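There are 2 protein chains.
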Amino acid sequence: MPMVKFPMAIRLGAAAAVVMALAACVAQSTSTDTDRTALMTQPMSIAKQGSFFVGGHDIHSDTLSTLPNYAASGTVTVDQMYVHYQIPVDAKRLPLTLIHGCCLTGKTWETTPDGRMGWDEYFVRKGYSTYVIDQSERGRSAANISEINSVKEGKSPPSQLPNVFAAAHEGAWTIFRFGPEYPKTWPGEQFPVEAQAELWNQMVPDWSASLPTPNPTVPALSKLAIRLGGTVLISHSQSGIYPFQAAALNTQDIAGIVAIEPGECPAASGDLTPYTKMPILVLFGDYVDLSARWAPRLKACRAFVDATNHAGGHAQLILLPDIGIHGNTHMMMQDRNNLDIADLILKWIDTHVGAKAS
Amino acid sequence: MPMVKFPMAIRLGAAAAVVMALAACVAQSTSTDTDRTALMTQPMSIAKQGSFFVGGHDIHSDTLSTLPNYAASGTVTVDQMYVHYQIPVDAKRLPLTLIHGCCLTGKTWETTPDGRMGWDEYFVRKGYSTYVIDQSERGRSAANISEINSVKEGKSPPSQLPNVFAAAHEGAWTIFRFGPEYPKTWPGEQFPVEAQAELWNQMVPDWSASLPTPNPTVPALSKLAIRLGGTVLISHSQSGIYPFQAAALNTQDIAGIVAIEPGECPAASGDLTPYTKMPILVLFGDYVDLSARWAPRLKACRAFVDATNHAGGHAQLILLPDIGIHGNTHMMMQDRNNLDIADLILKWIDTHVGAKAS
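Heads up: the protein sequence lines correspond to chains A and B, in order. So the number in my numbering is just where the residue sits in the first sequence, counting from 1, plus 2. So the number in my numbering is just where the residue sits in the second sequence, counting from 1, plus 2.
Hints are supplied without guarantee of correctness; some may be wrong.
Any copy will do: because identical chains look the same in the list, a pair fits if it lies in one copy or spans two.
Think about it this way: if two alpha-carbon atoms lie no more than 27 angstroms apart in a straight line, the pair counts; the simulated DSS-like pairs of lysine-lysine are [what the hints assert, rightly or not]:
(1) LYS301 x LYS349
(2) LYS157 x LYS279
(3) LYS225 x LYS50
(4) LYS94 x LYS50
(5) LYS128 x LYS50
(6) LYS301 x LYS157
(7) LYS128 x LYS301
(8) LYS186 x LYS301
Simulated from the structure, these hints should not be mistaken for lab results. As the structure is a computational prediction, the values presented were derived from the model and not from experiment.
Model the full structure from these sequences, guided by the hints.
Structure (structure tokens):
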């Protein structure tokens with residue numbers, strides 16, 4: 003990756019300058035509503051689209067099936083990561099990689115539950131190539147079910163079953179900060195709760211607790227970044243730590259990291275060297291201090307950002323209410339103002355990553 | 003659905019006329035290679051794209067999780083069907099619904115293992131809207147994992163574990179008719195076996211044996227057809243029976259059925275009335291008679307097609323070698339000549355479905 007330079011406001015870690023710049027961005031978004039409507043309704047011009055896998059390895063198993071029609075023994079591939087991409091005509095140089103969170107898939111970034119445009123399409127319409135992944139062992143990336151059949155056949159004890167879990171609507175409601183408890187909402191919250199059924203439709207079982215550390219998605223993200231010759235890794239929630247772990251493996255071609263409400267930031271007391279090599283934005287929404295789950299995570303991420311800047315890095319943490327954007331939930335890519343948040347992220351990328359890398 | 007009329011060749015069930023018409027189509031494809039190259043390299047103009055779910059229902063479970071961070075009890079949604087769509091500018095009236103087979107997901111129709119264009123994109127470039135599904139409990143459509151945790155916690159016996167299986171490379175090789183046994187190939191076979199690793203990457207565990215009959219995908223397909231106000235259901239392999247089962251539930255808005263190597267056709271001795279209501283194409287590739295698995299299925303589908311026509315229907319079965327197209331495997335949407343097969347299907351749809359429905 004070429005040596006990058008950062009503007010003065012970022013070098014200073016000057017919170018005031020950041021707030022001013024982003025407040026200007028938000029104000030500007032109002033004045034460009036007509037432009038956005040035009041952008042969203044005109045045809046998309048796609049140069050290329052498709053999909054592929056990164057990572058994965060073959061394993062032999064004798065418990066692939068308990069059915070007569072399919073052999074129990076043989077080779078299967080596991081831990082690969084599905085990637086779907088779209089490249090617009092005249093794409094900007096740096097593609098964006100979208101990495102979903104817990105109990106979700108790449109669907110996260112597509113049409114919102116109430117039928118509005120998702121970030122995957124909006125980013126493409128704004129000229130960015132997007133690479134949308136399904137985490138290893140989730141969605142279109144195969145899970146390893148050998149242990150299930152092994153237990154079914156009495157070859158292994160039930161304790162060997164994978165730690166696979168599904169997030170219930172009621173619990174997700176609170177974790178996603180739609181309100182204090184299901185089905186109450188926080189005043190002014192922006193998630194389209196009237197369309198919640200379509201969010202519940204997109205939740206899938208999560209196998210991550212059965213996977214090694216780092217999650218196989220992590221080395222796959224590093225491989226993807228290198229394959230693309232540079233990308234901004236945009237994570238969400240559970241996957242928040244993955245781009246940092248990928249950078250710890252190899253900073254090559256990780257041009258920037260945008261962490262949307264990461265479930266975990268790297269420890270402020272750890273080796274921060276990898277994280278000084280690229281601009282980092284950590285973004286949190288509203289109601290965070292009302293959440294016993296999220297308040298300490300925000301605090302830990304603040305400590306990480308401060309420590310990274312102290313170590314010579316270029317990290318920012320933005321709490322949306324601090325810049326005048328209110329009501330955002332943990333699912334901000336699906337909130338009613340999701341495209342305002344998208345614009346804010348793109349503006350940050352253009353300023354701190356894109357312009358430097360071109 | 004409006005009353006449809008069928009051309010004389012189809013009314014007669016005249017195999018000779020069908021062979022002549024399709025042979026002409028194949029010959030024509032050679033003369034339009036330049037057109038195809040232009041079509042494939044120019045930008046795609048997409049009016050709209052996105053995704054949604056059809057079907058699904060809520061269940062309560064007390065075994066959603068064995069992990070402290072996620073509640074064991076609550077509501078989850080299962081049996082919903084993920085649908086991703088693309089609508090080109092000036093789309094033809096009838097969209098195509100692409101329904102993958104065993105151990106696969108909607109990825110089936112995307113970029114081929116060796117990196118060529120898949121049918122999903124090609125159909126859109128040819129002017130057809132496409133709706134690509136992930137079968138219920140597969141890919142981006144949630145599986146129900148309650149029983150796994152119930153057994154893990156000792157609340158249910160191991161025999162209650164779901165019948166989930168993974169197809170091994172070695173077995174799939176033979177089932178997909180790449181050759182007589184792994185890794186031998188049939189002479190002249192068209193699958194890009196040098197890129198087989200990317201096919202193995204796209205295979206996922208299959209939960210269908212744990213699902214009720216009909217598979218929840220079946221009523222979801224009927225709902226999708228009605229939501230779209232008409233569609234051609236294009237199935238593959240395991241899903242081959244689903245469009246027929248959907249038609250048996252309700253023929254409304256199932257404008258046509260294209261069954262790519264169906265694992266099962268409806269019984270020729272059963273009530274064929276629903277299948278007389280729409281044009282049907284059943285397509286098989288090469289080497290079928292060399293396969294103990296596929297030869298009887300072809301025979302049964304021939305009997306179904308004959309019986310449907312006898313009952314006043316408009317069904318056709320095409321064995322590709324019979325019209326001069328050789329070497330196709332069970333994965334013909336990924337074979338080297340996949341776009342020739344796509345053109346053949348589109349020609350059939352335009353002649354027997356599209357022109358009648360517009």
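Homomeric proximity label, LYS94 with LYS50: Cα distance no greater than 27 angstroms
Answer is both; intra-copy 14 angstroms and inter-copy 21 angstroms each pass.
Evaluate LYS157 and LYS279 at a C-alpha cut-off of 27 angstroms and name the case that applies: within, between, both or neither.
For LYS157 and LYS279, neither the intra-copy (48 angstroms) nor the inter-copy (50 angstroms) Cα distance is at most 27 angstroms.
When no copy is named, should LYS225 and LYS50 be tagged within, between, both, or neither for a Cα gap of at most 27 angstroms?
within (21 angstroms within a copy, 31 angstroms between copies)
My question is about LYS301 and LYS157: at a cut-off of 27 angstroms on alpha-carbon distance, are they close within one copy, between copies, both, or neither?
For LYS301 and LYS157, the Cα distance exceeds 27 angstroms both inside one copy (46 angstroms) and across copies (40 angstroms).
Can you tell me if LYS128 and LYS301 fall within 27 angstroms by alpha carbon in one copy, between copies, both or neither?
The answer is neither: 33 angstroms in one copy and 53 angstroms across copies each exceed 27 angstroms.
27 angstroms Cα threshold - placement of LYS301 relative to LYS186:
within (26 angstroms within a copy, 59 angstroms between copies)
For LYS301 vs LYS349, is the C-alpha pair at or below 27 angstroms within one copy, between two copies, both, or neither?
Intra 25 angstroms, inter 61 angstroms, cutoff 27 angstroms: intra-copy only.
When Cα atoms must be at most 27 angstroms apart, do LYS128 and LYS50 count as within-copy, between-copy, both, or neither?
both (15 angstroms within a copy, 15 angstroms between copies)
In the structure shown, a violation is registered for the earlier hints numbered 2, 6 and 7, in ascending order.
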